[in-house]
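Engineer: Sequence:
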Amino acid sequence: MASHCFAEKGFRVFGVDISAVAVDWARSRFAASGLSGCFDQGDVCDLAHYPDATFDVVFDGSCFHCLIGPQRAACLKALHRVLAANGTLIISSMCGAPKQRTDLDRYDAHSGVLMVNGHPWRTLKPLDALIAEIADAGFMLVGQAVNVNPWWDHATLVYHQAPSPPVKAQACF
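Sequential numbering from 166 applies to the sequence shown in the numbering used here.
For the record, the hints were derived by calculation from the structure and aren't laboratory data.
Since the model is a prediction, treat every value here as computed from it, not as a measurement.
For every residue, glycine included, the Cβ atom is placed at its ideal position computed from N, Cα and C.
Some hints could be false.
As the list claims (entries may be wrong) - Below, computed lysine to aspartate or glutamate pairings styled on EDC-like, alpha-carbon distance capped at 16 Å:
1. Lys242 with Asp301
2. Lys174 with Asp211
3. Lys242 with Asp217
4. Lys242 with Glu298
5. Lys264 with Asp208
6. Lys242 with Asp208
7. Lys242 with Asp268
What the hints assert, rightly or not - What follows is a list of derived Cβ distance ranges for each label pair:
8. Ser227 with Met280: 16 to 22 Å
9. Thr321 with Leu200: 34 to 40 Å
10. Pro285 with Val313: 30 to 36 Å
11. Ala185 with Pro285: 18 to 24 Å
12. Arg271 with Val307: 16 to 22 Å
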């Protein structure tokens with residue numbers, strides 16, 4: 166768990182997960198290691214309980230590909246808001262079409278959504294579309310690595326906030 170590694174290096178760690186089981190697991194693991202961290206059950210698409218520009222680093226621990234449709238834009242908007250101006254966003258996400266026949270049969274290439282039992286399960290966009298989606302939310306790609314797997318690929322993407330466009334001087338007469 167990335168948060169464990171950050172805490173071992175002395176960083177203050179906060180975590181959000183929609184699953185109470187995952188939050189309890191993280192709390193237990195930290196306690197067993199003598200580490201401190203603040204873990205909350207919540208929705209990564211609504212981080213209203215965190216003030217603006219709170220975090221220097223935001224690490225997505227393989228959550229982003231679990232978001233479907235408008236959840237993705239809402240999450241990126243929330244992350245942009247809580248990330249400090251010179252902060253770093255790290256996204257760890259499945260990407261590209263599935264490589265196994267059983268998964269390909271359940272994959273909608275147009276939307277990039279993999280279905281399970283008739284319900285959206287994961288978003289698997291092609292790498293270039295994933296990069297563009299995050300860039301369109303106001304982030305600038307500064308690094309990337311792709312782990313090629315037999316079932317689907319997994320990208321680690323590193324972003325900074327994109328510089329704001331300059332404000333043009335306006336004269337009022």
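Engineer: Where does the structure disagree with the numbered hints, that is, which hint numbers, in rising order?
Structural biologist: As far as the earlier hints go, 2, 5, 7, 9, 10 and 12 are violated by this structure, in ascending order.
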